[in-house]
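Chemist: Chains A and S are the protein sequences, given in the same order.
Sequential numbering from 0 applies to the first sequence in numbering that gives the first Met the number 0.
Sequential numbering from 0 applies to the second sequence in numbering that gives the first Met the number 0.
Derived by calculation from the structure, the hints in this document are not laboratory data.
Think of the CB as a built atom: it goes at the ideal place given N, C-alpha and C, for glycine as much as any other residue.
One should not assume that every hint holds.
Unchecked claim - Here are the simulated distance ranges between beta carbons:
#1 His-75/S to Val-111/A: 41 to 47 angstroms
#2 Trp-103/A to Arg-136/S: 45 to 51 angstroms
#3 Val-23/A to Asp-208/S: 40 to 46 angstroms
#4 Gly-134/A to Arg-140/S: 48 to 54 angstroms
#5 Arg-48/A to Ala-169/S: 24 to 30 angstroms
This is what each chain is made of:
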Amino acid sequence: MDAWLRFRKNRLALIGLALVLMLVLAATLAPWLALHDPTRQSLIEKRARPGAKYLLGADEFGRDILSRVIYGSRVALLVGVVSVLIALAGGLVLGTAAGFTGGWLDTVVMRVVEILLAFPYLLLALAIVAMLGPGVLNTTLAVGIWGVPAVTRMVRGSVLALRETEYVGAARALGAPAPAVLRRHVLPNVLPGLVVYATLFMANAILLEAALSFLGLGVQPPTASRGLMVSTGRDVLLVAPHVATVPGLAIMVAVLGFNLVGDGLRDALDPRLTTTR
Amino acid sequence: MIPAAELSDAWPATLELTIAALLIAAVVGIVAGIASAVWPNSLFDGVARLFSLFGLSMPIFWTGLVFIVIFSLWLHWLPVGGTGSLTHLILPAVTLALPSVAMIARMTRSAVLDVLREDYVRTARAKGVGEVWVLGRHALRNAFIPILTLLGLQSGQLMGGAVLTETVFAWPGLGRLMVKAIFARDYVLLQGAVLVFALAFVVINLIVDLSYGLLDPRISRQG
């Protein structure tokens, strides 16, 4: 595996990987890692400063912020992973269909994609959530659907390029049926680019979930979502700044991890590309 | 109020905010990117790249709150929110611009680095053209097309980010109106706001496409 060797030499990418693993561990081991119940309120200790009992302080209801941040990683990862799967599945089907068949199907799909791409980032997701209503499931759907047009365009681009390669031509000349050509010769070559895209998309998906929850349109209380924590902490910002800022820091660390891994993967999978270093 | 009146009341505030942010993003991003490319792997380059990594990863609603805590709560330099004087504009505009600064600096760096490797840059240097002239006349002109494309795309990011920034800083613009419309289930107003944003985005990118011809005479409208 050349790619792994190149990835391993990239110090920033390894830091990113460590941050991502930390997030995954926090999400899977949340009940054991969290020292306090993330929903237990203690009004006498509300807005407690970071200290011995509450390492990162307590929020406006006296709930342990650290425990809520740990549980919040579950929402972030869940929304991120499922929405990436939605975006990849939708984009892969539409992109290959458009790129491989061409003709009117290509025209129709790409025009729709272009219309959707004309909506500035966040606004499309906002419009979808406005239609579907708030909640974890609808947020995930909105983030996933938001990603479909970009993935479609990327997949179609690679499929179009691959369709013209000599080995695909050779496979077809040998009489291989179209689905086999697609499965054995085209899709495996689309995948590396897709993996990079999926990682960077995870970073954006986590940011988008946090943004929607911050606006009050995403995950609803009392579920521990980091974006929601920033939003509720905003009300007490001037008396207890840590309530809003600590969860936001946790969002940044998670996003940074996926961004670093995505950049590292891109450099590792495409050694010709040296522009980012 | 009828939706059209509400929209026409709100859009100038958003325009002011996004243009200020776009200016900051373009100036800081391009200057930092060029400096990074001219002195690659220098201390400045390292700091700039580290900053752009963080800039791309920070949720802007959080950056805005951190700025409020630092500059309003602790230092008492700038107001917490609202509109009025130029000082009200600084925090929201900088907050909104940060991710775009990071993105533009990154892109400018790689675009200028690519151009500096071209044969014509070596030729220019070989015939004794000064370094400033090489950069301004030969390198930047050619590096500018991808940067301009990115600027157009970033305007979309800014409009989306405006929804968050306006909420954080109580900025009376389209973004806040949109969020209010969603909560009030005022779908006519929501559709109107989305339409205004999408239209602005398309127009900006049309202008970007048309301006390619000015930068590079080889790209003409006839194609």
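Chemist: Tell me if the beta carbons of Gly-134/A and Arg-140/S are separated by a distance inside 48 to 54 angstroms.
Modeler: Between Gly-134/A and Arg-140/S, where Cβ atoms are some 51 angstroms apart, the hint holds.
Chemist: If you check the beta carbons of Trp-103/A and Arg-136/S, does the distance land in 45 to 51 angstroms?
Modeler: holds (48 angstroms)
Chemist: Take the C-beta atom of Arg-48/A and the C-beta atom of Ala-169/S, compute their distance, and say whether it sits inside 24 to 30 angstroms.
Modeler: holds (27 angstroms)
Chemist: Is 40 to 46 angstroms a correct range for the gap between the Cβ atoms of Val-23/A and Asp-208/S?
Modeler: holds (42 angstroms)
Chemist: Kindly confirm whether 41 to 47 angstroms is satisfied by the beta carbon distance between His-75/S and Val-111/A.
Modeler: violated (51 angstroms)
Hint compliance for this structure: hint 1 alone is broken.
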